[in-house]
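Since the structure of chain X is provided, determine the placement of chain D on it from the hints.
What follows is each chain in one-letter form.
There are 2 protein chains.
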Amino acid sequence: MVTLKDVAELAGVAPITVSRVINYPQSVKERTRLKVERAIKQLNYSPNNIARSLVTNRTNIIGVLLSNIANPYFSEFILGVETKARKLGKSIIICNAMDYESAKSNVNLLLEQRVDGMIFTSLEFDSIALQEQLFRELEEINENRKHTVPIVLVDPFPRQTLLPSILIDNYMAGSLAMEHLHELGHEVIAHLNLNRDANVWIDRFRAYRDAQAKKGIQLNTGHIALIDKEDVRVAEEAAYSLLRADPRPTAIFAANDLLAVGALQAAHRMKIKIPEELSIIGIDGNDIAKHSYPRMTTVAHPRYQLGELSAELLIDLINGKEDVARQMVNCTLQVNESTGPVLIQPEGIHE
Amino acid sequence: MVTLKDVAELAGVAPITVSRVINYPQSVKERTRLKVERAIKQLNYSPNNIARSLVTNRTNIIGVLLSNIANPYFSEFILGVETKARKLGKSIIICNAMDYESAKSNVNLLLEQRVDGMIFTSLEFDSIALQEQLFRELEEINENRKHTVPIVLVDPFPRQTLLPSILIDNYMAGSLAMEHLHELGHEVIAHLNLNRDANVWIDRFRAYRDAQAKKGIQLNTGHIALIDKEDVRVAEEAAYSLLRADPRPTAIFAANDLLAVGALQAAHRMKIKIPEELSIIGIDGNDIAKHSYPRMTTVAHPRYQLGELSAELLIDLINGKEDVARQMVNCTLQVNESTGPVLIQPEGIHE
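Taken in sequence, the protein lines are chains X and D. Going by full-length UniProt numbering, the first residue of the first sequence is number 1, and it counts up by one from there. Going by full-length UniProt numbering, the first residue of the second sequence is number 1, and it counts up by one from there.
Quick caveat, the hints were computed from the structure, so don't treat them as lab data. Hints are not guaranteed to be accurate.
No copy is singled out in the list; a pair is fine if it fits within one copy or between any two copies.
Straight-line alpha carbon distances no greater than 30 Å define the calculated DSSO-like cross-link-like pairs of lysine-lysine that follow [what the hints assert, rightly or not]:
hint, residue 1, residue 2
1, Lys215, Lys29
2, Lys5, Lys104
3, Lys273, Lys214
4, Lys87, Lys321
5, Lys290, Lys273
6, Lys229, Lys104
7, Lys104, Lys35
8, Lys41, Lys104
9, Lys41, Lys321
10, Lys214, Lys41
11, Lys271, Lys35
12, Lys271, Lys290
13, Lys273, Lys104
In this text the structure is predicted, and so the values were computed from the model without any measurement.
Isolated chain X (complex conformation) (with noise of 0.2 Å):
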């Protein structure tokens, strides 16, 4: 194994010289740079990750923990967080959490890979339960390990954390899905969830019972469903029913637009049309709304910006800022072809 000393040797110099130009190359003149780098190249040598924390106490590399990359969700997320970290400087590197398991083993593989820091976005398992046994793992870690290894959570977490949170307004997001259907005239509005023990989808379905409430509607429970899977087939079915209840929805709010993808197909099939028959609105402002024919409107999370955000606010914890302090990041209405104003009002809907 090449080491520190033999590329110092090749290059002539002492080989603190060579663990200045790795750590500090601004500090080194540019002659000797140029010649330990050549040096460097030549022999192939990849610095001692450890041993260069020894010195800097960083390694430049922030851990990023996700719990599903098949979700095309992360995607921009993890775009907001590396364009963030490279102009600050750091590198990213991405695990995936499939469970409890992973996650934990995920956790330590990127502490044993000495990391900056951790952004852990979205773990949802199966229950809230488990995440929050994370979490309480999590703090502990952060606890122990206060200026070394800072940690930033983001949406959605069980609100009850002492992490540094960017927290995403699942009940705001909500109510502004149900604020623009009651602006166009729906009362009959259906509303399609998971049926999973989180707070993203309590929160949105809380959102549609309060805002139908405040309007004096009353809930049908003919006009509610829950589905197991996050899965358009499955959307779909359920959508068939919703769409068979009578009275006849005039709207469906999908508590995401994967659901509402697969209340779009239902109607397709049912040959009702939308907007003009059928309002549906969803939530994410993923790419699956604007791939949708007709293009779904939805409430939008800025998850760039959200990516951008967190990689901000872990920086700022790893350069030892102490106050800081939980934010709230707002989502914002994309109205585009899929929702309109009531054209034909069902019968019997004020029974």
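Only chain D this time, still in chain X's reference frame:
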């Protein structure tokens, strides 16, 4: 900083025993192992990776470099890599490579992290030349570090690389798409592709040209659109011009599912019935094909299996296997709802 010695002291064992627990846990009596593990936990000791790798010469980490994590194409691939890697006792860390510079810096990052091996997939930069430059550099790494940092390339790479590769037969994928359209009776087939200097696009175009030539159908440049951006709206715009060509095509072969969705949206807006008046076929088998209405006929890449295969191949290389042949993976036609027989033969086809 907590050292291995601290752990040994607290556990009341020799430092070598701690090292053994970390590296060869099965070689240590359970009682001792538990004692050491408790001490590790209590002190929050994170084993020094490099020290460990000096003993086992392994970090058990595989690095995966993607060209753009925002492309949903990679999601299933990563799941395949991760699932297989986990089964074989490896973790994975993922890096993004938006361009040649970031690819290079992330390769160095992975090497510094002492990964056991690396998988590179679909690094599509601005030109084949830049791609080839990176691969020459990778070949050097592979040469210098034989047996320590093996590399596996996954589609779509320059064919002339010496590195172990898993390739997708893009020409065959295109041929399958064209064969399907020909079997349905289509002859006036338009082609929508990207104007980009990479084999993946060129091979799919070649498949189109050759299939039409074999049928004795002359190329009509009015039936070919090459766009500059992989974007649904840009594809939609290009599709309008294809659908206004004389004779109007009865089918569009799009070089991937994203472009196919653009064509589908153009058809919807022109009130052209799919598949009665127009068949559309894509390539990839992304979720995007499943989410479209009607569901898109496509030629699917076995992405999950590709992921598994590349993890397997890489781990074989890490374990010292030498005679690794280049592997070619086949695609499969998935007939869905967007293609059908020619019902109305446009006029002037055999003029």
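Self-check item: Which numbered hints fail
Solution: 1, 10, 11, 13
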